[in-house]
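Novice: Given only the sequences and the hints, what does the whole structure look like? Please build it.
Number of protein chains: 2
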Amino acid sequence: MDEATAFAPGHVTAFFAPYPDDDPARAGSRGAGLALSDGVEATVRRVDDADAATADSAADGGLAGLELDGVPAEMEPVRRVLAELRVVAEVEVSSEVPVGAGFGVSGAAALATALAANEAFGLRRSENDLVSVAHAAEAAAGTGLGDVVGQFRGGLPVRLDPGAPDHGRMDGVPARPRVEYVSFGELSTERVLGGDLDPVREAGEAALARLLDSPDERELVAAGRDFAEEAGLLVPEVAEAVEAVAAEGGLGSMAMLGRTVYALGTGLSDAGYDATACRVDPTGATLRPTE
Amino acid sequence: MDEATAFAPGHVTAFFAPYPDDDPARAGSRGAGLALSDGVEATVRRVDDADAATADSAADGGLAGLELDGVPAEMEPVRRVLAELRVVAEVEVSSEVPVGAGFGVSGAAALATALAANEAFGLRRSENDLVSVAHAAEAAAGTGLGDVVGQFRGGLPVRLDPGAPDHGRMDGVPARPRVEYVSFGELSTERVLGGDLDPVREAGEAALARLLDSPDERELVAAGRDFAEEAGLLVPEVAEAVEAVAAEGGLGSMAMLGRTVYALGTGLSDAGYDATACRVDPTGATLRPTE
Chain A
1 MDEATAFAPG HVTAFFAPYP DDDPARAGSR GAGLALSDGV EATVRRVDDA
51 DAATADSAAD GGLAGLELDG VPAEMEPVRR VLAELRVVAE VEVSSEVPVG
101 AGFGVSGAAA LATALAANEA FGLRRSENDL VSVAHAAEAA AGTGLGDVVG
151 QFRGGLPVRL DPGAPDHGRM DGVPARPRVE YVSFGELSTE RVLGGDLDPV
201 REAGEAALAR LLDSPDEREL VAAGRDFAEE AGLLVPEVAE AVEAVAAEGG
251 LGSMAMLGRT VYALGTGLSD AGYDATACRV DPTGATLRPT E
Chain B
1 MDEATAFAPG HVTAFFAPYP DDDPARAGSR GAGLALSDGV EATVRRVDDA
51 DAATADSAAD GGLAGLELDG VPAEMEPVRR VLAELRVVAE VEVSSEVPVG
101 AGFGVSGAAA LATALAANEA FGLRRSENDL VSVAHAAEAA AGTGLGDVVG
151 QFRGGLPVRL DPGAPDHGRM DGVPARPRVE YVSFGELSTE RVLGGDLDPV
201 REAGEAALAR LLDSPDEREL VAAGRDFAEE AGLLVPEVAE AVEAVAAEGG
251 LGSMAMLGRT VYALGTGLSD AGYDATACRV DPTGATLRPT E
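Protein sequences, first through last, are from chains A and B. Heads up, the first sequence is in the UniProt record's numbering, so the first residue is 1 and it goes up one at a time. Heads up, the second sequence is in the UniProt record's numbering, so the first residue is 1 and it goes up one at a time.
Don't read these hints as lab results, they were simulated from the structure. There's no promise every hint is true.
Said to hold, decoys possible - One side of the interface only, derived from the structure: several residues of chain B facing chain A at Cβ under 10 Å: (1) A114; (2) S126; (3) E127; (4) V158; (5) R169; (6) D213; (7) P215.
Stated by the list, open to error - Computed list of chain A residues with no C-beta within reach of chain B, every gap over 12 Å: (8) D22; (9) E67; (10) V87; (11) G155; (12) D166; (13) E202; (14) A244.
Every residue gets a Cβ at the ideal spot worked out from N, C-alpha and C, and that includes glycine.
Specialist: Pasting the structure below:
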């Protein structure tokens, strides 16, 4: 097989308690979120050794070229995944969710690339192994701390421990609601994750304790809404939208970390927003079957 | 909500090393299998307290009535799930795969019942909690030792440890092949699991070590085929079908524990069998969304 394609769901973090670590497989966060049926597809195409030498792609960490929605782009976690797997490939990424807006596109691209590369190159790695490679690539690149493991599990994933599968236990909220979202633009994950993490961690731990006490989808979003306020992460347009949803009896919050509001059911359209509707993705990241 | 429906995939165990335990949450098996897109649906319908008293269903462990494919039936793991969740309900189970033939129908029914009951009664249990309840119900009933956790994960699940989610780590083989199967009738799980388990455990451990060394779908089935021979579990019709598949260049084995043969791709139809075709289920057990 010369190429393979995999899908990873978009992942909106409801709340999180960050735990950085020098070991990227142990770095991560506790918290919870929503895996969405809107997500990211990555197609990995083998580049043979002769072409690779010409393209000088050994120095390029195994990435012979990357397009994001048809345009040449840089995605450091994807480059790190291919380097770690010791393969040289071209990668085409297409995203149904906006980039840089809190949907974990970089993590989804890294995870889908790992699954597709395993298939295209016949690497015979296990799922935990591939998830670990993608999680560590994302943590080392500084682009996220918990999306990858949530995107692999699917549903409404709860991260009981930080880190890759060998280190981090997971649970989930067994509900599959409809979700709406509106995005107002980008917000720098690196900037927020580079600041003082103590208040974020404290608010995140409180939100997780609350959710585990009563795990359902409304508690997940409500705990996320209080977390966003307590951690001081709310941005003005999102705060306004969250209030507008509540005024109509709905429940919404801010995607961590993005200038994005999401709501259960028809919360945003009821409040007059031109929202995108999707569902909770029940499956998690998976190889696209070939016939 | 008065009722809810959940799906759990059929699960063919390729090989297993059984580890019984007095604590049904710790009892289980190490091993690997295939979650199938053909599976089991359970609809749980609330019975209110007045009706429950009339039906004397408190003594009946919470099960006010069960139909399997439209016919009144007994399923002890389902009864145990409702008793453990302390709810009284009617349950309708429908199965796309044959019962008693190695597809884990009892485990699938228990797991789908747990997920649907959580939704219908608003129990606010987490996914791990519901999987544990279903796993323990199945282990206590003596009807299986590893289907439930595999059915929750989906894909090609690998059980690294025995037991429910709090005790047992899992991994998976990241492939999603087409699968064919033919069933020749029932085989008693209880009878086999009641015999001498040492040779089965030894063959199961060898098969698991082999798969973990090179995790792909062909190794999974080939390790299962050797396990079936070494553990002395092959039955004549199945052995004949496995050989017929191999003679055509295909790869198949016996479903543990059932009088059933399965094969990758078109292995059984190539060998002239009138086989049922399905895919590996990527999702695992999940609530059916309501709109």
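Novice: Now, for every hint given, state plainly whether the structure supports it.
Specialist: We went through each hint and held it up to the structure:
Restraint check, B:A114 versus chain A: the minimum CB separation of about 9 Å is within 10 Å; hint holds. At a threshold of 10 Å, the smallest CB-CB gap from B:S126 to chain A is about 5 Å, leaving the interface hint in force. With 10 Å as the threshold, the beta carbon of B:E127 comes within range of chain A, its nearest partner Cβ sitting at about 4 Å, so the hint holds. Proximity of B:V158 to chain A holds as hinted, the smallest CB-CB distance being about 7 Å (cut-off 10 Å).
Because the smallest distance between the Cβ of B:R169 and any Cβ of chain A comes to about 8 Å, under 10 Å, the interface hint for this residue holds. With a least beta-carbon distance of about 9 Å to chain A, the hint placing B:D213 at the interface is held under the 10 Å criterion. The interface hint given for B:P215 holds, since its Cβ lies 5 Å from the closest Cβ of chain A, which is under the 10 Å cut-off. The non-interface label for A:D22 is consistent with chain B: the shortest C-beta to C-beta separation is roughly 24 Å, beyond 12 Å.
Every CB of chain B lies more than 12 Å from the CB of A:E67, the least distance being 24 Å, so the non-interface label holds. Under the 12 Å C-beta cut-off, the non-interface status given to A:V87 relative to chain B holds; the minimum distance is some 15 Å. Its closest Cβ contact with chain B, about 7 Å, brings A:G155 to no more than 12 Å, contrary to its assignment away from the interface. Not every beta carbon of chain B lies more than 12 Å from that of A:D166, the smallest distance being close to 8 Å; the non-interface claim is violated.
Taking the minimum C-beta to C-beta distance to chain B, about 23 Å, the non-interface status of A:E202 holds against the 12 Å cut. Once the 12 Å rule is applied to beta carbons, A:A244 is consistent with being away from chain B; the minimum gap is 24 Å.
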